[in-house]
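Enquirer: Take the given structure of chain S and dock chain Z to it, following the hints.
As a plain string of letters, each chain reads:
Protein chains: 2
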Amino acid sequence: MRYWWVNQNQTYKHETEGGFLWSPKRNRNGRSNRFYDNMTEVRAGDLVLSFCDTQIKAIGIAQGSAQSAVKPEFGNVGKQWDDDGWYVPVEFEEVSNPIRPKDFIDELRPYLAAKYAPLQPNGNGNQGVYLAEVSEAFAKTILTRMGVTLDPTLISDEAIAADTAEEQAQTAIQGRTDIGATQKAQMILARRGQGIFRANVRLNEKACRVTGVTDPRFLIASHIKPWRLSDDREKLDGCNGLLLSPHIDRLFDKGYISFDDDGAILKSTKLPKEVWKHWELTAKDNVGTFNDMQRAYLRFHRAEVFS
Amino acid sequence: MRYWWVNQNQTYKHETEGGFLWSPKRNRNGRSNRFYDNMTEVRAGDLVLSFCDTQIKAIGIAQGSAQSAVKPEFGNVGKQWDDDGWYVPVEFEEVSNPIRPKDFIDELRPYLAAKYAPLQPNGNGNQGVYLAEVSEAFAKTILTRMGVTLDPTLISDEAIAADTAEEQAQTAIQGRTDIGATQKAQMILARRGQGIFRANVRLNEKACRVTGVTDPRFLIASHIKPWRLSDDREKLDGCNGLLLSPHIDRLFDKGYISFDDDGAILKSTKLPKEVWKHWELTAKDNVGTFNDMQRAYLRFHRAEVFS
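Respectively, the protein sequence lines represent chains S and Z. Quick note: the first sequence uses numbering that gives the first Met the number 0, first residue 0, plus one each step. Quick note: the second sequence uses numbering that gives the first Met the number 0, first residue 0, plus one each step.
If you are wondering where the hints come from, they were derived from the structure by calculation, not from laboratory data. Accuracy of the hints is not assured; some may be wrong.
One copy or two, either will do: identical chains are not told apart, so a pair holds if it fits within one copy or between any two.
Said to hold, decoys possible - Subject to a maximum C-alpha distance of 30 Å in a straight line, what follows is the list of computed DSSO-like cross-link-like pairs (lysine-lysine):
id	residue 1	residue 2
1	276	205
2	276	183
3	24	253
4	205	24
5	272	205
6	78	114
7	183	24
8	205	70
9	283	56
10	24	266
11	12	114
12	114	276
13	266	78
14	266	12
15	253	283
16	114	272
17	205	78
18	24	283
19	114	70
20	266	276
21	78	12
22	205	12
Only chain S is shown next, with the shape it has when bound in the complex (with noise of 0.2 Å):
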């Protein structure tokens, strides 16, 4: 985990509500510039502080890598960037009590960076800097400063790890000689819910189990031991998976509920309260019985993806 200052005093309202960090990928003169390339080396959950009008009001956590991405609707503010730019997908949350680190610059003074530091030592704002980055200690002394605990539901880095271990995992099986290539297809198909996955599914399965819907047109064939997780066997077993509706499926998919053996629903202390809240799902509490091989595929998203 590494942490960055991100100066960004005209597009502070577009990039935190807007989730992202946006930079052009050169100079206007096309020359070159740190706080630019800087853009590339940000990894999901990094942590990002976000300074505006000479304060700390934002903490951000990176959720992936750098893409190319022409310039975001910045309206008039940005005019004078190339539309080439790098994009770096970031959720903030404002802070309560937003501080102005050259009120305590004689402690942050000692991790400060001889070159491309996003302060000078009198504690006034250096010029040109978009992306800097900043020491574990001078970062630390921020979140001190500020009370600041980190949500640590903002950090999906394992998720976003999750998102590329699939990928990995379908190319792997693309590059298998051992397996035929009608195996190959539906275990790739088996991923996004379809092929032979989804009809094996619903030979168990008739309904969403939370919400009851039973047109499958609306409903999602789920893998209850993640796909990635899943052997060769596993990833098309009927019994591996649940249909869900869309949204009940995005909950159990990421681990913000699971069920235990008896059925009954368990929330994880992750899910905010409003999600539940606004997709009416308070009453809900149990979804019925499960067959002994659902239960031990249950038993392992229990483990190893409910948080």
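Expert: For chain Z alone, coordinates are given in the frame of chain S:
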């Protein structure tokens, strides 16, 4: 649209409830089989008459073309079949009054093909038939006898055609030479509601219009004018998107709901009542105001997507 007859005796329950047809690709002795080869001729929207225990008991609509697939979980049934076969997704509906074609074979006989017909001229079934083509006149005679009017919502070939068109549109983008790699990558990411399109949508929209959920981890950036029909600019335009909960996205994307200029929710007659009820949406009727640009896209959605 073509018409098919399938003999499902042993696998009737599996295939009608699981929503598919499956056959081996070849006979046990390795020879090709016309009735298995027919699987590859089925197209989305084709009609399937399901024959079991001397009766037509269900009607199906193909949802796509044949895929290579390993054998589904038939249990003890079909142990003699090879594991490499054809799978065709088909949605079946059981008919309320099954009929025995032999009872009106005089009516059907003129429409029986000389070769590969599912019935003999005396009305008995032909041995060894799995999937046989029948003429429109043959199928209509049976449907009329059963008093069946096809449920138009079962025929989802439009939705399937849209998926195919989307794949082709993506391939076309990848091959273009008039735009750079950055723009291509972002246009393709936008298809899944990701990247700069999602950031642009979040600059306008802060919550799911229908459920009110605000946490972006639970929301999908959904195009109003479908991605495949949007031009380059529209594909990334934040005003061409809404942040929707996954189940609401499914309804909006498939045209089961839309919104009028004043934010009233419009429900399609094709939307099954159980879905609206089980997803606890009965109290929802207005989603608030839209800006002029959003309204222009919504006009397109109402005219071309909503049905």
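Enquirer: Have a look at residue 183 and residue 24 and pick one of within, between, both or neither, based on CA distance no larger than 30 Å.
Expert: between (40 Å within a copy, 17 Å between copies)
Enquirer: Using 30 Å as the alpha-carbon threshold, which applies to residue 205 and residue 78: within, between, both, or neither?
Expert: between (55 Å within a copy, 25 Å between copies)
Enquirer: First find the shortest C-alpha distance between residue 253 and residue 283 inside one copy, then the shortest across copies, and answer within, between, both or neither for a cut-off of 30 Å.
Expert: Classified as both: same-chain Cα gap 19 Å, cross-chain 27 Å, threshold 30 Å.
Enquirer: Should residue 276 paired with residue 183 be assigned to within, between, both, or neither, using CA atoms and 30 Å as the limit?
Expert: Neither, since 41 Å and 39 Å both go past 30 Å.
Enquirer: At most 30 Å between C-alpha atoms: does residue 205 with residue 12 qualify within a copy, between copies, both, or neither?
Expert: For residue 205 and residue 12, the Cα distance is within 30 Å only across copies (13 Å; inside one copy 46 Å).
Enquirer: Which holds for residue 283 with residue 56 at a C-alpha limit of 30 Å: within a copy, between copies, both or neither?
Expert: Answer is neither: 39 Å inside a copy and 36 Å across each miss the 30 Å cutoff.
Enquirer: How do residue 114 and residue 272 come out at 30 Å by Cα distance, when the copy is not named: within, between, both, or neither?
Expert: neither (45 Å within a copy, 64 Å between copies)
Enquirer: Could you figure out if residue 78 and residue 114 sit no more than 30 Å apart (CA to CA) within one copy, between two copies, both or neither?
Expert: within (29 Å within a copy, 72 Å between copies)
Enquirer: Between the shortest in-copy and the shortest cross-copy C-alpha distance, which are at most 30 Å for residue 24 and residue 266: within, between, both, or neither?
Expert: neither (43 Å within a copy, 46 Å between copies)
Enquirer: Within a copy, between copies, both or neither: which one fits residue 114 and residue 276 at a CA-CA cutoff of 30 Å?
Expert: The answer is neither: 49 Å in one copy and 61 Å across copies each exceed 30 Å.
Enquirer: Using 30 Å as the alpha-carbon threshold, which applies to residue 272 and residue 205: within, between, both, or neither?
Expert: both (29 Å within a copy, 17 Å between copies)
Enquirer: Check residue 24 against residue 253 for me: Cα-Cα at most 30 Å, and say if that holds within a copy, between copies, both or neither.
Expert: Result: close neither inside a copy nor across copies, 34 Å intra and 38 Å inter.
The structure fails hints 2, 3, 9, 10, 12, 13, 14, 16 and 18 (numbered hints given earlier, in ascending order).
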